[in-house]
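With chain X fixed as given, assemble chains Y and Z onto it according to the hints.
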Amino acid sequence: MRHNTQQADTIRAVEILQDAMYGLELAAIFFAGISGALAAVRKNFDIFSLLLLAWVTGLGGGLMRDVLIGAVPPVGITSWRYVLTALAAGVIVHFLHPRLAALRRLIIVFDAGALAMFVVIGTIKGMDYGVGPLAAVFVGLFTGIGGGLVRDLLVDEAPIVLRERELYAIPATIGAVLTAVTVHYDLFNPWVGAGIAVAILAMRLVSLKMNWQAPGPWQGFGRQRTGR
Amino acid sequence: MRHNTQQADTIRAVEILQDAMYGLELAAIFFAGISGALAAVRKNFDIFSLLLLAWVTGLGGGLMRDVLIGAVPPVGITSWRYVLTALAAGVIVHFLHPRLAALRRLIIVFDAGALAMFVVIGTIKGMDYGVGPLAAVFVGLFTGIGGGLVRDLLVDEAPIVLRERELYAIPATIGAVLTAVTVHYDLFNPWVGAGIAVAILAMRLVSLKMNWQAPGPWQGFGRQRTGR
Amino acid sequence: MRHNTQQADTIRAVEILQDAMYGLELAAIFFAGISGALAAVRKNFDIFSLLLLAWVTGLGGGLMRDVLIGAVPPVGITSWRYVLTALAAGVIVHFLHPRLAALRRLIIVFDAGALAMFVVIGTIKGMDYGVGPLAAVFVGLFTGIGGGLVRDLLVDEAPIVLRERELYAIPATIGAVLTAVTVHYDLFNPWVGAGIAVAILAMRLVSLKMNWQAPGPWQGFGRQRTGR
Numbered sequence: 005m006r007h008n009t010q011q012a013d014t015i016r017a018v019e020i021l022q023d024a025m026y027g028l029e030l031a032a033i034f035f036a037g038i039s040g041a042l043a044a045v046r047k048n049f050d051i052f053s054l055l056l057l058a059w060v061t062g063l064g065g066g067l068m069r070d071v072l073i074g075a076v077p078p079v080g081i082t083s084w085r086y087v088l089t090a091l092a093a094g095v096i097v098h099f100l101h102p103r104l105a106a107l108r109r110l111i112i113v114f115d116a117g118a119l120a121m122f123v124v125i126g127t128i129k130g131m132d133y134g135v136g137p138l139a140a141v142f143v144g145l146f147t148g149i150g151g152g153l154v155r156d157l158l159v160d161e162a163p164i165v166l167r168e169r170e171l172y173a174i175p176a177t178i179g180a181v182l183t184a185v186t187v188h189y190d191l192f193n194p195w196v197g198a199g200i201a202v203a204i205l206a207m208r209l210v211s212l213k214m215n216w217q218a219p220g221p222w223q224g225f226g227r228q229r230t231g232r
Numbered sequence: 005m006r007h008n009t010q011q012a013d014t015i016r017a018v019e020i021l022q023d024a025m026y027g028l029e030l031a032a033i034f035f036a037g038i039s040g041a042l043a044a045v046r047k048n049f050d051i052f053s054l055l056l057l058a059w060v061t062g063l064g065g066g067l068m069r070d071v072l073i074g075a076v077p078p079v080g081i082t083s084w085r086y087v088l089t090a091l092a093a094g095v096i097v098h099f100l101h102p103r104l105a106a107l108r109r110l111i112i113v114f115d116a117g118a119l120a121m122f123v124v125i126g127t128i129k130g131m132d133y134g135v136g137p138l139a140a141v142f143v144g145l146f147t148g149i150g151g152g153l154v155r156d157l158l159v160d161e162a163p164i165v166l167r168e169r170e171l172y173a174i175p176a177t178i179g180a181v182l183t184a185v186t187v188h189y190d191l192f193n194p195w196v197g198a199g200i201a202v203a204i205l206a207m208r209l210v211s212l213k214m215n216w217q218a219p220g221p222w223q224g225f226g227r228q229r230t231g232r
Numbered sequence: 005m006r007h008n009t010q011q012a013d014t015i016r017a018v019e020i021l022q023d024a025m026y027g028l029e030l031a032a033i034f035f036a037g038i039s040g041a042l043a044a045v046r047k048n049f050d051i052f053s054l055l056l057l058a059w060v061t062g063l064g065g066g067l068m069r070d071v072l073i074g075a076v077p078p079v080g081i082t083s084w085r086y087v088l089t090a091l092a093a094g095v096i097v098h099f100l101h102p103r104l105a106a107l108r109r110l111i112i113v114f115d116a117g118a119l120a121m122f123v124v125i126g127t128i129k130g131m132d133y134g135v136g137p138l139a140a141v142f143v144g145l146f147t148g149i150g151g152g153l154v155r156d157l158l159v160d161e162a163p164i165v166l167r168e169r170e171l172y173a174i175p176a177t178i179g180a181v182l183t184a185v186t187v188h189y190d191l192f193n194p195w196v197g198a199g200i201a202v203a204i205l206a207m208r209l210v211s212l213k214m215n216w217q218a219p220g221p222w223q224g225f226g227r228q229r230t231g232r
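Residue numbers (this note's numbering), protein chains in the order written: chain X, 5 to 232; chain Y, 5 to 232; chain Z, 5 to 232.
The set of hints was computed from the structure by calculation and includes no laboratory data.
Take the hints with a grain of salt, since some may be wrong.
Copies of the same chain are indistinguishable here, so a pair counts whether it falls within one copy or spans any two.
[Stated by the list, open to error] The calculated EDC-like cross-link candidates involving lysine to aspartate or glutamate, where the alpha carbons are at most 20 Å apart (straight line), are:
| hint | residue 1 | residue 2 |
| --- | --- | --- |
| 1 | K129 | D23 |
| 2 | K47 | E161 |
| 3 | K47 | D160 |
| 4 | K213 | E170 |
Please read these numbers as outputs of a predicted model, since none were measured by experiment.
Same shape as in the complex, but just chain X (with noise of 0.2 Å):
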C-alpha cells in the first residue's frame, strides 16, 4: 500500500516535471522569437518580416532538427501552440520595441535560458528518435543555435554564434555531450536535464560577465591574439 503512493507520488513527479518542461520550452521559443524580432525592429522590417524572423528565430532552430532526424512535419510548422508562442514574441516586441532595448540585459539573460533549454530538448529528441550520441548531439546544438543563424542570415549578416567570442557554442556542446551521455547510459531524468540546462545558462553568463572570450587562430608563442 504504502509502495503503490510511492509509486503513484513519483509519476505525479515526472509529469508535474514534463509539465514543467513543455512550459520551458514555450518560454525558450518565446525569448528566441523576441530577439529575431529584435533584429526585424533593428534592420526597420515592416511587421510582417517582424513576425517571419520571430518565428524562424523561435522555431528555425528545432524546423532542422526534425528535417535532420527524419521527424518530418517538424513541429514548428504543426503545433498550433508553438507557432502561435513565436508570433506572440512578434506581436509584442512590435509594440513595445522601445521598452524592451531598455531590458536589453535581461534579454541576453533569456537568450541565454533558450539556448540552454533547446539544447537539453534538442538533444533527448534526436536520442528519443534513435540516431545515437554523436548525431544526438549535433541535432542538439542545431536546436540551440539554428535559429539565430537564420536570423543573421535572413538580415544579411554574419551569424553572430560565429562572429562572436564570447562562449556560446562551447556551453551548448558540453551542454549537448551531458544530455547525450546520461541518455545513453539511462541516468537521464528531468532533474538531471535541469541540471544540464541550469550548468549551461551558468556557464554562458559567467562568460559574458567576465567577458571570457574564445581564443582565435593561434599565432604562434608570445603572439597570440593580438588583433582582431
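Then chains Y and Z, alone, in the frame of chain X:
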C-alpha cells in the same frame, strides 16, 4: 443516358482544369526562373551561375516544401519538365536580358502570378500529404516565397520579401489560409483554387499600383512610420 | 580451380578499390574541411567557429544530399570517422594556418580533388537510393558544391561557386552526368568512377591553369564580356 453524358462532361472539365493547373505551375516555375536569372545578370555572374539561380528560384520553394512534408526526393530534382522549364528561363534571360529589362513591369506581373500559383499549389500538396491545415499554410508560404528567398541569400542581399514593404507575404498568407480552409472543409475545387490565385495576384498588383506598404515597427501614437 | 582463384582475385580487387574509395572520401572531407577552416581564419573567428566551418564545409554537401534523398539521419552527423576527419582539418588549420597560406597552390589542387570525389560519390549514393538519374545528378552536384556554398553564406559572402568565373560547376556537372549514365546502364565500376573523378579534377585544374572562364551574360555580337 443523359446523366452519364453529364458525368463524362464533368470528368472532362476536371481533367481540363488539372491540365490547365499543371500548365500554370510550369508557367510559375518559368517566371520565377526568369527573376532568378535576372538577379544573376545584375551581378554579372557567368552562365552556369545564372542557370543555377534560375533553377533555385524556380524550384527552391517547392524543394523546401517537399523536404518539410517528407516528399523526398523532391520534384524539383526528379522532374525533367520542371527542371527544363526553369533552365529554359535561364537560357532565355542569358540571350535576351537587355530586352527583358525593358519589360520590367510585365515581369513584375508574371512574378506576382508565379507567387499566386505557387502558394495555392503548395498548400494543396501539403494538405494532400496530411500535414494538417497549419503546416499546409506554412508549406504553401514556403513554396511561394522560398525560391526568391534563397535567390537573395545567394546574391548576398537581405531577402526582398523581408526588406521591401510592399505587400507580398500578406496576400500569400491570406491565399494559403483560404486554400487550407477550403480543402479542410471539402469545399475546394479547381475553380476555387483559380479564384484564390486570382485574389492573391490582385492583392499583390493593387498593392504595388497603390504603393501600399505594410507598417514598420510601432513608434507610439502620432509618430508612426516617419522614416525608413 | 583456376576460375575460383580468378573470382577471389576479382572480389579482392573490388574490396581494395572500395577501401581506397572510402579513404579518398575521408581525404575529400579533410581537404574541404581545410578550406572551411581557412575561411574562418581569414575572418579571424574563434576556434569553435573555425571547427564549425570545417565541419559544415567538409560534411554540409553530403548533409544536403542525404536530406534530399531521405537518408536521415545524414552520415555527416552520425559517423564518427567523418566528423573527426572534418574536425581534424580544423585543428590542423588552427595551429598551422600561417604555413598553410604558403601552400595555397597545393590547397587549390586538393580542393579540386575533393570536388571530384564528392561529385562521383554523391551521384552514386543518389543512384543507390533509386532517385533516378536526373535527381542523382543534382545530389551529386550538391554533394560537391554544397559545403563550400554554406561556408560562404556563413562568412557573409556571395558563394565562390557563383561569383568566380573559373570552371567549377561545369566539370562537376559533366562528372555527375557521366556517373549517373554509367550507373544507369550498368557500366559503372570503381575504375570508371576513378576515371570520372580524374577527369573532373583535370578539367578543373586545366581551367585554373589556362584561366578559362565561363562567359557572362550575353552582350550581343562584338561586345561580349567587356567588363566585369
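Sort out which numbered hints this structure fails and list those numbers smallest first. none
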